[in-house]
Amino acid sequence: MAWRIGVDSGGTFCDICLFEEESGEVAVWKVSSTPDDPSRGIAAGVQEGLANVGAAPGSAGYFGHGTTVGTNALIQHRGVRTGLITTDGFRDLLEIGRQKRPDLYDLQVDKPLVLVSRDLRIEVPERVRHDGSVETTLDEATLRAAARRLRDAGVKAVAICFLYGFVRPEHEALASRIVAEELPDAFISVGHEVAPEFREFERVSTAVVNAYLGPVMQGYIRRLAGRLADLGIATPPHLTQSNGGVIGFDQAARLPVRTVLSGPSTGVVAAQELGRMVGIGDLITFDMGGTSTDVALLKDGQCRLTGEAIVHGYPIKAPMLDIHTVGAGGGSIAHVDSGGLLKVGPRSCGAFPGPVCYDQGNTEPATTDANVVLQTLNPTHLLGGRMAVRQDLAKEAIGRLAETLGLGLMETAQGILSVVTANMARAIRVISVQRGHDPRDYTLVAFGGAGPLHAARLARELEIRRILVPRNPGILCAMGLLLTDLRADFAATRLTVLDDAAAPTVEDAFAELAQRAEQWFTEEHIPEDRRATLRTVDMRYAGQNYELPVELPPGPVTAASLQALADGFAEAHRRQYGFVDAEGTVQLVTFRLEATGLVAKANFVPQPDAGPDAAPALIGHRDVWMPEAGGWVSCPLYDRAALRAGNRIAGPAIIEQMDATTVLLPGMTALVEPYLNLILEFPA
Amino acid sequence: MSTALKLDHVAVDPITVEVIGSALSSITEEMGEALVRASHSTNIKERRDCSTALFDPSGATLCQAEHIPMHLGSFIDMLPHILKRHPVDQIRPGDVFIGNDAYEGGGTHLPDFVLAEPIFDGGQIVAWAVNTAHHADFADRGHAHIFQEGLRIPPIRLYRAGELQQDVQELILLNCQVPRERLSDLRAQMAANRLGVLRMQALCAKYGRDVVLAAGDALQDYAERKMRAGINAIPDGTYRFNDVYENPEIDNELAFSCEITVAGDTMHLHFDAPPQVRAGLNMTHTALLATVYYAVKCLVDPTVLPNAGLARPLTVTATEGTVVNCSYPAAVNGRCSTCQRVVDLVFGALAPAVPDRVIAATNGANTVAHFAGTNPDGSSWIYLETIGGGSGARATKDGLDGVQVHMTNTSNLPVEALENEYPLTLMRYELVDGSGGAGAHRGGMGLRRVYRAEAPCRLRLDGSRMRTSPWGLAGGLDGARAVIEAGDLPYDHGLVLMKAGDVLSIVTAGGGGYGSPERRDPALVARDIAEGRLTRDAARLIYPQAALDG
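Chains as they are written, first to last, in full-length UniProt numbering: chain A, 1 to 684; chain B, 1 to 550.
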């Protein structure tokens, strides 16, 4: 018996999915997050989950993990006190950025908070020139003094970023060594290691985010690895990166900035696999958790990959899936702002103390409280009966808000949902309409603990006609971890002109990358026959500053493969820009090797059609407040676990399961498809 | 216009209007990305000194991407001038018009080359894809009148039915100092419009041409309604403001004034200034319109869609033949600084009416450093950059430090790109301590850029607020002035000759403060001191309430 374990940990809940490789048995488990130290909740949950299926920790053959620790710390500015050491004359660069104002017309908008305050940005005399020559040598004594200043100021992390550090890294390396001597406990983030590419502002921003989040992520990873080892789990744990690829913990701890979108990208990968299973390629993912919500768009099953993105206001140079996150979820706190308007989020009550109805000390109502009052959520118990809730407390809290607003209790509770829906719709417009995609052509995949609860109203707002609710929406991400291959990306920037003499450079560059990939394959214990690689080159015309990726044919680098690169580039450039510059010099800029380790995956079996009658799954009725039906309406209540393939349900209805609640509005229908996913549709 | 379609019968639901509106924004944004990514000159590929837009067949703006507000002035007269010269029935798919002239269409100054391409659907023009890119060329020219400033190009065909007009292109390139870069950037501009054409045609295929056109009209009506609602909320009355403008090119100060009348849901803005001057700082009428549209949109409702509808409730007048509304053949190259000061005028005038929305005077310039030199192989190199500064303080918070303000929003050039491409070294790039005007909310800090020449070059500087200060509001104090720290280098009317090894720094102005300094939160004073933005001694004088000891 070899169990594969997938764990997705968010700000509010920690989801565990277990899969037995031989029998194909799947089990899910959900526990509250422990935000002060998420590894504690995870370890406890894994232990409980394994015990629940009667498995010994030692039998775990794989451990995959996605986390929102990084992204939440960045949103809520809960990174560590960070210092920056940089080239003399350039300490303000982090603040000036690209000197653009944050909004073209709205002059009240502010720049994002600078993660290192000005007094902790220290300049040291040193200067490397663009050709790599040293104009001013870094003085060790000055640097040591700077490091001591930061130490005395109590920083927990230091970013080191000099001009041209990616061309000639010696100064950064020396600085790194001295800072390590002076601040042995500090996390050190070095520009050329984090993002060895030109454009100093984006590089320093990446190095600073890496430093700011470093101790948070590294501490987390180490604690988790330790707890897993203590449990007796022997298999090396893995983490999802922002690009959807999965890597080992040790690698992840080295560059935390690459896992900022770990949790969100896990959801995208999971939705991608789900879409493949159900046969729907055009999807908009709606992953609503307790603290934040992530949305992404998949066209033909693919999510756009970017090499640089602005994440919560901060430029980050790292491969990332194109995901948009809003700081609002089931735990977001509703409040009345200074202008007298009802707002929800970005503050979240988290798992502790949790919503008011959890009766753990919080008195400010959250989205979940509104759902408990409206009875879209079970007013007495959540998590399949494992957690009692106090509707009376939720009513009191929302009642206080209603008084301030001068509205009724139910109108206020419903108002909280309307504000949440509008926030979510705006987020989806960013990744769909603003990129030229009409959301009406897509299927909404609703997951995360709160996704299926809010999906119907969100879809209606966007005129999306079809919603896909996975079999276990609350733990889809955790399940996705059991459906993905291991992947690592290796890259080297080596500016080369594409001509007959380029072959040795290309050969060398890829040989080096292949060697790194080999080492990774070995570390990951991936057998020879399960290894795959893909080689691409980012190319441009000399003079351009943006590249187009072109695939290099497998095999040795020959005149023919160079010609294939030239042809591929010309074709890509024509497709993208409509012209080819026949006299233009073509440059090879960055060489990339994507290494994939194919793993055995959970294989789900389609279920036989049991007919449309869902009556066997009917477990009762509950009054639910639905303004669509004019107020209180008696809704049939279904047990998701008892639904069979082919069953049909007409709205209004509520479908409950351990990890989520699905709301079906009047007029909607739900169909259970063969893999037991729900397909919700609005009438045409 | 004859190709305009009658659309009264087409009813489009509000959601479709919104979706098409967002699609138009996406198209212009995507055009902009293509332009930047395919381009070769630093001014486009890194500094993004370019803009993209879609126009309807009547020449009204359907959508302008959020790049550079100034560039709207290059767009709004382009189509009327094309149609004046070229009968619409002779315009064919694949025709591409190029123009840059401030008086005959297509520009507010000559370096902004506009490319316009008609978008056909079903044999009819449904829209135009238009973009402009600031070609960093025409350097080291005179500015007595427009003939000195570069090659004047009226709207003519660069492509005819998809065929490049080689003769036209060669004529243009021979008049440019860095022709290879011009050619590459022109191709990038072609790529941008091509995307606009394809995307717009796809939109028509999906929703139907009539629906798209009707939605375009509905979006303009919507912008107009929002604008009128916003103006309606401003107290009726006549508001006036005066300011003084100076510039390195001229020795005297120019008195500017404006008078704004708000009546119900309309606004009339009138400007006056001295007669146009023999210097490159005059504004054409289109530059004035683009400036006013920007300023009013910011103050009335920043969320109004950037289309022609927003201009309908506005009337804009200015005495003809003046610096703010010049006539042929006035020189116009550095008009952007002048435009910045016209925005300040509008804000100053409306301060009593909308005190919570205006901001104090910004750094009040479009500070341009224009370097030109000769490469070892005899060819020319030209590098142009514009430098931000302090923005004005706001009614409830400090002004933004070190940003581009109002009519421009170009990026800086990364140091690592600058030094790689040109014989220049950037020694420092920093916020100027103490430069933000004091107040309950302080003005934004100016910027300092220190350059070292690695080879002989000529530097031409453009800007303002060197001899006057950015004003504060409601008791807020002035921001610090701009200054050129040229040391012993010969400096004359913005021109500097630099030898290898010479160092020069450009300091831009800080923004004005808002509200009396006495009302500033002592904690903010303490933060500014701790962060070195303000010295303790200066703070003691300006902010006695902060109780600074030691």
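Any given hint could be a false lead.
Unchecked claim - The calculated lysine-lysine pairs, modelled on DSSO-like cross-linking and capped at a C-alpha distance of 30 Å, are:
| hint | chain 1 | residue 1 | chain 2 | residue 2 |
| --- | --- | --- | --- | --- |
| 1 | B | Lys206 | A | Lys343 |
| 2 | A | Lys343 | A | Lys601 |
| 3 | A | Lys299 | B | Lys226 |
| 4 | A | Lys601 | A | Lys299 |
| 5 | A | Lys156 | A | Lys111 |
| 6 | B | Lys397 | B | Lys226 |
| 7 | A | Lys343 | B | Lys397 |
| 8 | B | Lys206 | A | Lys111 |
| 9 | B | Lys206 | B | Lys226 |
| 10 | A | Lys111 | A | Lys100 |
| 11 | B | Lys206 | A | Lys100 |
| 12 | B | Lys206 | A | Lys299 |
| 13 | A | Lys156 | A | Lys343 |
| 14 | B | Lys226 | A | Lys111 |
The hints are simulated quantities; they were obtained by calculation from the structure and are not laboratory data. Treat the numbers as computed from the prediction; the structure is a model and nothing was measured.
| task | With a cut-off of 30 Å on the C-alpha distance, tell me whether Lys206 of chain B and Lys111 of chain A pass. | result | Judged against 30 Å, a Cα distance of about 39 Å means the pair is violated.
| request: Starting from Lys206 of chain B, check that the Cα of Lys100 of chain A is at most 30 Å away, please. | output: Violated, because 36 Å separates the two Cα atoms, which is more than 30 Å.
| task | Decide if the proposed pair is consistent with the structure: Lys299 of chain A and Lys226 of chain B, CA atoms, cutoff 30 Å inclusive. | result | Violated - the C-alpha atoms of Lys226 of chain B and Lys299 of chain A are around 35 Å apart, more than 30 Å.
| message | Lys601 of chain A and Lys299 of chain A were given as a pair; does the straight-line alpha-carbon distance stay at or below 30 Å? | response | holds, 23 Å
| Hey, Lys397 of chain B versus Lys226 of chain B, does the alpha-carbon distance stay inside 30 Å? | Given that 30 Å is the threshold and the Cα spacing comes to 26 Å, the pair holds.
| message | With the threshold set at 30 Å, check whether the alpha-carbon distance from Lys226 of chain B to Lys111 of chain A stays at or below it. | response | Holds: Lys226 of chain B and Lys111 of chain A sit about 27 Å apart, inside 30 Å.
| request: Assess, step by step, whether the Cα of Lys206 of chain B is no farther than 30 Å from the Cα of Lys343 of chain A, and give holds or violated. | output: violated, 37 Å
| message | Would the hint linking Lys343 of chain A and Lys601 of chain A be met if the CA-CA limit is 30 Å? | response | violated, 43 Å
| message | Please verify whether Lys111 of chain A and Lys100 of chain A have alpha carbons no more than 30 Å apart. | response | At roughly 10 Å apart (the allowed maximum being 30 Å), Lys100 of chain A and Lys111 of chain A satisfy the hint.
| Is it true that the CA of Lys206 of chain B sits at most 30 Å from the CA of Lys299 of chain A? | With Cα atoms ~17 Å apart, Lys206 of chain B and Lys299 of chain A stay inside 30 Å; holds.
| said: For Lys343 of chain A and Lys397 of chain B, compute the direct alpha-carbon distance and say whether it is at most 30 Å. | reply: Holds, at about 22 Å.
| message | Check whether the Cα positions of Lys156 of chain A and Lys111 of chain A lie no farther apart than 30 Å. | response | holds, 24 Å
This entry does not satisfy hints 1, 2, 3, 8, 11 and 13, going by the numbered hints stated previously.
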